[in-house]
Structures are given as C-alpha cells and as structure tokens.
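Trainee: Sequence:
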Amino acid sequence: MKRLLIAAVLLGLLLAGAAAYFIAAWTAPGPAGPRVLLIEPGAHVHALTRRMEAEGLVRSGLLFEAELRLRRLAEKLKAGEYAVRAHASMADIAAILVAGKSIQHKLTAAEGLTSKMIYDLVKADPVLVGDPGPVPQEGTLLPETYLFIRGETRKAMLARMAKAQRRFLAAAWAARAPGLPFATPREAVIMASIVEKETALPDERRHIAGVFNNRLKLGMRLQSDPTIIYGLNGGYPLGRGIRQSEIAGATLYNTYVIAGLPPGPICNPGKDSIAAVLNPAATDDLYFVASGAGGHVFAATMAEHLKNVSALRASERRREAGEARAAPPARKRGR
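Position 78 of the sequence shown, counting from 1, maps to 307 under the working numbering, and the rest follow consecutively.
Calculated directly from the structure, the hints in this document are not laboratory data. There are no misleading hints in this set.
Keeping only pairs whose Cα atoms sit at most 25 Å apart, straight-line, the calculated DSS-like set for lysine-lysine is: (1) K384 - K307; (2) K330 - K305; (3) K330 - K384; (4) K392 - K500.
Cβ-Cβ distance ranges computed for the label pairs, FRET-style: (5) A543 - R396: 46 to 54 Å; (6) D349 - R314: 30 to 38 Å; (7) K330 - A388: 22 to 30 Å.
By construction, the Cβ of each residue, glycine as well, lies at the ideal position given by its N, Cα and C atoms.
I would like the entire structure built from these sequences, with the hints used as guidance.
Mentor: The structure is reproduced here in structure tokens:
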C-alpha cells in the first residue's frame, strides 16, 4: 500500500513537471527572427509543424503539434500568409494562425492610366496568380490602391476594380448636377477621362470640367491635347511635343477635329475627376492654358486667352534664356 502511494505521488509529480514544462515551452520565446509563414489550403498539421521546425519558427514541431491538438486548435488553423515577429512563442504563433489575419499586399493603379497600363501592372504583380484574361474596356476600372492576400487571382483583381468603378459611378451619377451636356454615365466617364489628363491639380478639375461643359453646350470643339495623344498611341507618352500635323490630323479621338466627345474614354479617371464633371464649377470661361507653374490660367474670351498664351510664351523664353546663361561654356576640343 505504501509503495502504491509513493508511486502515485511520484507519478503526480512527474505529470505536474511535464505540464509545467509544456506550459513553459508553449509560452517561451521562439528561436527565429521575423519570418513569413505560408500555409497552403488543405495543409496537414503534422507536415506544417515539421516544416515550421525546419524553418526555425519553433524548437519542436512535435511539441507544437501536440499542444495544438491538446488545446483543440489544430482544426482552427487557417490557410494564408502570416508575418511572425521575432522570437514569437508557440502560443503567439498559434494565435496568429487561428485569427487568420493574412499579410495584406497592395497594388496601386494611379489615376489617368489606361486599361492596358493597369492590366500590365496586374499581370506583372508577383503575388497575384493566374491568367488575367482579356484587357478590360477603356475607362471601366477605378484607379485606387487595392489590398489583397496572396493567392488572389489577377482576373479577380481586375473584376474588383471594375466593380468599384460601377459602384462609385452609380452613386455619383445619382447625385449629378442638373443641365449637364451629356446623357449617360459612360459619357460622364469620357469627359472625366479628359479632365483627368488635363490637370494633376485637384482644385482645378471642377473648373476645367466647367470649361468643357460650356464648350459642349455652345457646340465648340473641346480641343484637348490628351485626346490627340490617345488617338496616336493609346495614351502612352509621346516623349516630345505634339506636331502641328498631328493637331490637324483626323483620328477618332482628336477633339481638335471631331465635334463633341470622342467615342470612348482616353484613360481611367479617378473619383475626383468623375465627381468634377458631374458637379462642375459654374464659370463663364471657355479657354485655359498652362500657367508655367504647374496649373492653368482661365479666360472667358479669345482676347483674354491670347494674352494668357503670350504671357506663357514670354515666360518660357525667359526661362530658356536663363538656362542658357547658367549653362557652363562649351569646351573647345584640341586637334
């Protein structure tokens, strides 16, 4: 009897010691620096914990697996890509994997990019997967920064951009100002794409939209340089100035030649440009020209506009002269 009691005490001490060891090991700092852990869908817990041991995330994969099963966490682990901080304990890692908060990657589609440009960004992203499918129709994507987790498909990303544009456009169209010179949301996007390419200054967009609205209402041509560029090469930079022959050249998009709006958008406009054309500034202005300082100067009459153009040309000549004076003299080469 005494021996059984002693054995029971020893067994109890052994179990208590083992429990204390497991608890200490579960909460002890881990061996690894910050790491990224990728869990594929359907991954087996045993293979996962052994891989974690091999990668230095835990000291013992078997111990980690045993604790997961004892705590009924093994079936709660979620597939994903996880950031594990330096020296995270097994308890910390388990909490991360159960919470399922995967690393968020991001892709930024800037305002004013064409659908082909955005398509190429999506296609080249190293984290997205799968074939992107066909290039979306011009002007159907909403430029923004999109967050996604590893494993999202390229096709799904493009679909998200298109859905975001449809949702925003529907809300903006419903709140549009009365008396606009276009009748459909698509025409609004066409106008917004031109405004987007005309200025990078947010506080100018409604003013430029107001100028273009005035021109459409009066039957004047829009005469927008970006429409020439889009008609020439799909919106990619020319790398030079527009030639006079290109201003006079007939393309489907050249608003110096065609009346009204071009047949489609020339880029994917952002939210601000769409909002600007649907609620343009009230103005009498019909013209604008670059100010030489990053913005534009506006005018209601041709006479005012010509003065503004002359002032711009004079400013450009002064700048060129100043640059020529500041340039070091050319060195003569000896024979």
